[in-house]
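Undergrad: For chain S, the structure is supplied; the task is to place chain E with the ligands on it using the hints.
For the record, the sequence lines run as chains S and E. Sequential numbering of the first sequence, starting at 1, is according to the working numbering. Sequential numbering of the second sequence, starting at 1, is according to the working numbering.
The hints are simulated quantities; they were obtained by calculation from the structure and are not laboratory data. Predicted model only: the values in this text are computed from it and were never measured. Hints should not be assumed to be uniformly reliable.
Said to hold, decoys possible - Counterexamples of contact, computed for chain S against chain E with all Cβ distances above 12 Å: (1) 46; (2) 100; (3) 141; (4) 182; (5) 200; (6) 223; (7) 227; (8) 244; (9) 245.
What the hints assert, rightly or not - In silico DSS-like links for lysine-lysine, alpha-carbon gap of 27 Å or less: (10) 60(S) with 143(E); (11) 184(S) with 129(E); (12) 184(S) with 143(E); (13) 313(E) with 332(E); (14) 129(E) with 203(S); (15) 68(S) with 100(S); (16) 100(S) with 143(E); (17) 60(S) with 130(E).
Ideal placement from N, C-alpha and C gives every residue a C-beta, glycine not left out.
Residue-level listing of the chains:
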Amino acid sequence: MGNINRRTFLKFSVIAATLGAAPSAKSQENFSGWPERYGMLTDTTLCIGLNCRKCEEACKKVNNLSRKNLNLSDNSVFEHKRRTDPENYTVVNRFPNPNKPETPYYVKKQCMHCDEPACASACLVKAFKKTPEGPVIYNKDVCIGCRYCMVACPFGIPSYDYFDAYTPQVRKCTMCYDRIQQGKIPACAEICPQEAITFGKRKDLIALARERIRSHPERYHPHIFGEEEAGGTSWLYLTGLDSVQLGFPNALAKTAYPELTRGFLSAVPLVLTIWPVLLVGLYKFSQSRQVKESPESTQNSVEESHAGSNGKPDN
Amino acid sequence: MHREKKDRFKFFSLVVTLLLLLALVGVRQAAFSQNATKSPCSDCHVCPWPTAKEPCLKSCTRPEKVQGPISAHPGPDVTILGQLADMYQLVRFNHKLHADMVGMEQGCTVCHHYATSGKYLSCRECHGKKPSNPENLRQPSLKAAYHRQCLSCHREWSHQTRCTLCHLPVPGKTAVTLDSTDIIRPSHPAITPPQTKIFNTPYELGPIVTFHHQEHIDRFGLSCANCHQKENCGNCHDIQKAVRPAKSMEEVHAVCNNCHRQDGCNKCHDTKEKPKFSHAATGWPLNTYHSKLDCRACHPTGKKIARLDSSCKNCHSGWNPGNFKHAVTGLKLDEIHSQLDCVNCHTERNYSQTPNCSDCHADGRSHIDSPPGERLKIK
Ligand code: SF4
Ligand code: SF4
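Bound-form chain S, shown alone (with noise of 0.2 Å):
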């Protein structure tokens, strides 16, 4: 990282080109995006897990999610790993500890919040918006249901909920983006009894982060997950060992995904060119509402969630 490469630069000029006023501070160290944007930093040695998941369930309480199947005392959901689902926009696994095996290692999993996501980059109608102040968020109005920024994710965070037939959608974490506008912080940073999670601006947190690995060497694995990883993200993480062996991906690119999922999507070529423009169609039909912007190509649509302000669908 740390370079503008082509297609940051292409970005810089269409960006500018269509918008004209695009945010000042574009030059920043690795994302070129807002070096003010929030972000969160888990520390994973912190996390108690056991008998907590307190976030779990801040987290369903805020967005309104069924409780239903919520028992915080039931432990023995530690037993398989979990991911994220319509129900559950954050979850916590259990990971063993090779040298404490008394204290394994609690990870809170949820929607990563890339700086470029490809989530974003491959939605065909620019429902994924990644924010000025750091969350990828989703309008469910455009959303045209066809599971790509499933596919896109690296991280296979998003779900999609099945079980309404009217208004299905995609279901991931939103970094509480209301909350965040409101002045307040995450729920699920807000309730952690350990503060494992910690919101703040993301440069700030990266400085923390360092700061906790420098004094402790013993107890972090020396690498801040998410500063890097898929072209940089704005949940971080802390870690007592490698992330491969707390269940995050293997091999991340440090590149950001929207390059490379644009190569998966050109080998459909006919998803492609026919797939959207019947969608869409479809879409325009049975909606009375007005999509302004016809989704041109990818790349477009990334580079214009990048742009967007304040997380409404148009600009």
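TA: Using the frame of chain S, we list chain E with the ligands on its own:
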């Protein structure tokens, strides 16, 4: 020829100057980077240019544990935490019990990481209510500070997170059952150091290691934390010790190596148990006073223990008949004998040998039945 020599000299001096310059820059940088690894000044000081006179210290700052001894101060027996009184019963923290235990580790600093010279600050004085406080991201809120502190040990030995250990629900709300192990005992039973520990090791040439624990305490004036630096509650209280991984060779030897790095394996490893160190075996049985000293009083540390000249004057150079109190030897000389010069009785200046009465007295008296003064009991 001459010119060539001059050139070579020029070249040589240039290299030397460059090297000197480099060395200087190196020193400067080393000094700088050492500073740079410390936390920024603003962590502790409010003003930009603190001076010794006006350090303008913040009251609560240091994120890390303060190292070094902190004078023991009488803390409270029990501390009551009542911030969540509307949700739970008061939390009764048995301060004394915990203070007793941390003596085995780093003492008070295990929890009181910000140690001022006066009374310890209470947690609440620094740790506020706000989680993810943008003013100071690295400082946890009071809630997290408590939880991190308590759970770092309680989770480790119990392999559990039992909220009810501290938080009892307010009656009327959902009842949580408590088992009797949750009731905190008033203080930790006294920790008595073992006399001697015998270890069976896999080292073939000397499988048996005898460690005279008490002797190390007495002889070297060691406190628990001098050796038990990585002790934690789990080492004693773990409910399932078996799951703990065996220590590596390096870890096993680390504590001994703190002092015995220069010694060979045979210092500890043998085929049979080793007896305690006996000073008599060196040819000098120590008397009551000397046997109470720690080795360093006579054998300065940091050097190999060398045989000392055993004449009293070697250490007690200031002694003379005028200021030596003979009573310290267990014999208070009577009036007549106390007038004599030392060498009158200790003819060969061998003070460890009992003098011979017949050297002066022809009546055949002995030291036993007619001592030259009053025998005292010395402890
Ligand atoms: S609330 Fe905090 S400590 Fe509890 S499971 Fe979630 S991240 Fe871990
Ligand atoms: S690609 Fe996946 S992890 Fe990244 S922002 Fe999209 S859903 Fe979240």
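Undergrad: For every hint, state whether the structure bears it out.
TA: Evaluation of the provided hints:
1. 46: 7 Å, violated
2. 100: 8 Å, violated
3. 141: Answer for residue 141(S): holds, closest chain E Cβ roughly 31 Å.
4. 182: 15 Å, holds
5. 200: 5 Å, violated
6. 223: The claim stands: residue 223(S) keeps its Cβ more than 12 Å from every Cβ of chain E (closest is about 19 Å).
7. 227: 16 Å, holds
8. 244: Its Cβ never comes within 12 Å of chain E, the nearest being 21 Å, so this holds.
9. 245: Its Cβ never comes within 12 Å of chain E, the nearest being 16 Å, so this holds.
10. 60(S) with 143(E): 22 Å, holds
11. 184(S) with 129(E): 14 Å, holds
12. 184(S) with 143(E): 18 Å, holds
13. 313(E) with 332(E): Holds - the C-alpha atoms of residue 332(E) and residue 313(E) are around 21 Å apart, at most 27 Å.
14. 129(E) with 203(S): 23 Å, holds
15. 68(S) with 100(S): 34 Å, violated
16. 100(S) with 143(E): 26 Å, holds
17. 60(S) with 130(E): 22 Å, holds
Violation of the numbered hints given earlier is confined to hints 1, 2, 5 and 15; the remaining hints are satisfied by the structure.
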